[in-house]
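Could you put together the complete structure from these sequences and hints?
So the chains spell out like this:
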Amino acid sequence: MDKHQRTLLVIIAEANIERLLVQDVKRLGAAGYTVIDVRGGGHSGVREGTWEADRTIRMEVICEEGVADRIAQALLKAYGQHYGLTIYFSEVQVLRPNKF
Amino acid sequence: MIDVVIFFFILGVFARLVGSDLRLPEALYETLSIYLLLAIGLKGGIELSQQPMLSVLPQVIGVALLGFCVPFLLYPLLRALRFNAPDSASIGAHFGSVSVVTFAVVTAALMREGIAYEAHAPLWVAVLEAPGLIAGVLLARLGSKSADGSAGKAGHWGELLHDVVFGKSVLLLLGGLIIGAVAGEAGTQPIKALFIDPFKGVLALFLLELGLVAGGRLAEVKRYGWQVVAIGVAFPLGLAVIGTGLGLLLGLSTGGVAVMATLAASASYIAAPTAMRIAVPAANAGLSITISLGIVFPFNVVIGIPIYIALAQWITGG
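Going down the list, the protein sequences come from chains C and Y. In terms of my numbering, the first sequence has 41 at position 41, counting the first letter as 1, and numbering is strictly consecutive. In terms of my numbering, the second sequence has 14 at position 14, counting the first letter as 1, and numbering is strictly consecutive.
Since the hints were derived computationally from the structure, they do not count as laboratory data. Do not take every clue at face value.
As the list claims (entries may be wrong) - The calculated label-pair distances, taken between Cβ atoms and stated as ranges, are: (1) Y:P76 to C:T86: 36 to 42 Å; (2) C:G80 to Y:I2: 45 to 51 Å; (3) Y:C69 to C:G42: 34 to 40 Å; (4) C:K99 to Y:G158: 30 to 36 Å; (5) C:H43 to Y:G19: 21 to 27 Å; (6) Y:F166 to C:D2: 42 to 48 Å; (7) Y:V302 to C:G49: 23 to 29 Å.
For every residue, glycine included, the Cβ atom is placed at its ideal position computed from N, Cα and C.
Pasting the structure below:
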C-alpha cells in the first residue's frame, strides 16, 4: 500500500475560540480539520465541559509539515498569552496525499 | 418560605461539596437551557400580544440604559478595590448583563406569593442582555488604551454585536417573544402542555445542574480572597436599589419593581463569559465567573430575591 508522510497537528483550546481557530487554520493552508469536545485539567485549572464557559475542544489538522509549523506559530502568537492552549505534532501516514 | 426550586439548587451545591459523582449530561444542560429561554420568551410574548407596543417603549429604553450604565458605575469601584483594568471591565459587563434563570426564580416567587407583575417582563430580559456587554468592551478598550497606548486588537465591534444579538440567549428569548406575540393565547394552546405547564419542573432540574456548577466554583472563591465575596454580596444589593428606583420611575407594579430590582442585581453567566472571553482576552475569565456564578447567583436566588420583593412591597405599599 502506498503511504505518504504528513504531520498531525493537535490543538487543545477553550471552546470559546473554536470559530476563530477554524478561520485561522483554514486561512493558513489547512485543507480540513476535525473538532472533538473534550475535558481535562492543567495550568488553567480543571475544565469539566458541563456548561458554556467551561468547554474545551481538541482540533486535529493533518497537513504538510510547513503548514503545521505556520499554523502553530500563528496560533501561539494570537492566543498563547491569554487562552488555555496546547499544541503538539506527530507524524502520521495517509493514503491519499492530495487530500492534505 | 423558600421556593421549592431553590431546594434543588441547594441539593446541587451539596452534591458538589461532598464530592458526589452526580453529573448531568451536557446535552441535557443544553436542552434545558434552550427550553427555559424559549418558554420564558413564549410566556412573555403571549402577554405582549395584548399590550400596545408604544406603552412598553419607555421600559425598553430604561432597561437598555440601566444595562449600559452599570459597568461604568462599577468600573471605578472595582479599580479602587485593586482589580486590573480588563478584569474590572469584564466584571462590570457580567453585572450589566442579566441572568435569565434568576429572572425565572423571581417570577416563580412572585407567582407563589400572588404578587402581580408585568407579564411581558421577558422583553426586559432580552433587552438587558447586550448593552452591559457593549459597555464592558468599551471600558476594556479605553482601559487598554490608557495603559499601553494601543487599543486591544482582538475582536471587532460587528462580531461582538453579532455574537450577542444572535447568540442563543437573545435569539431564543426574542424568538419566543415574537412567536408568542404573533400566535397569541389561542395559537399557543397546542404547545402549552410542553412549554407552559411543566416550566417549573424543568426550572428545578436546571437549578440542580446550576447548583453543581456553582458548587464547583465555591472552591475558587478561596483562591480569589475576600474581595470577591464582598463584591458578590454588596454589588447585587446596591444594584437592586438602583433597579427599584428605575422600576418606580417607570411606574411599574409592585411585582414589576421587584423584577426590575432582581434584573439589575443579577449577573450573567452564559452570554457574558463567552462574549468577554473573545472581546477582552486579557481579563481573567475564572474571576468573573466565580463572582457571577459562585456568589451572585446563589446570593440572589436564596437571600436576595426575598429582600428585593420585600423592598418593592414596602416602597410601593403593595
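Here is how each hint holds up against the structure:
| no. | hint | verdict |
| --- | --- | --- |
| 1 | Y:P76 to C:T86: 36 to 42 Å | holds, 38 Å |
| 2 | C:G80 to Y:I2: 45 to 51 Å | holds, 46 Å |
| 3 | Y:C69 to C:G42: 34 to 40 Å | holds, 38 Å |
| 4 | C:K99 to Y:G158: 30 to 36 Å | holds, 34 Å |
| 5 | C:H43 to Y:G19: 21 to 27 Å | holds, 23 Å |
| 6 | Y:F166 to C:D2: 42 to 48 Å | holds, 46 Å |
| 7 | Y:V302 to C:G49: 23 to 29 Å | holds, 27 Å |
The structure meets every hint from the earlier list without exception.
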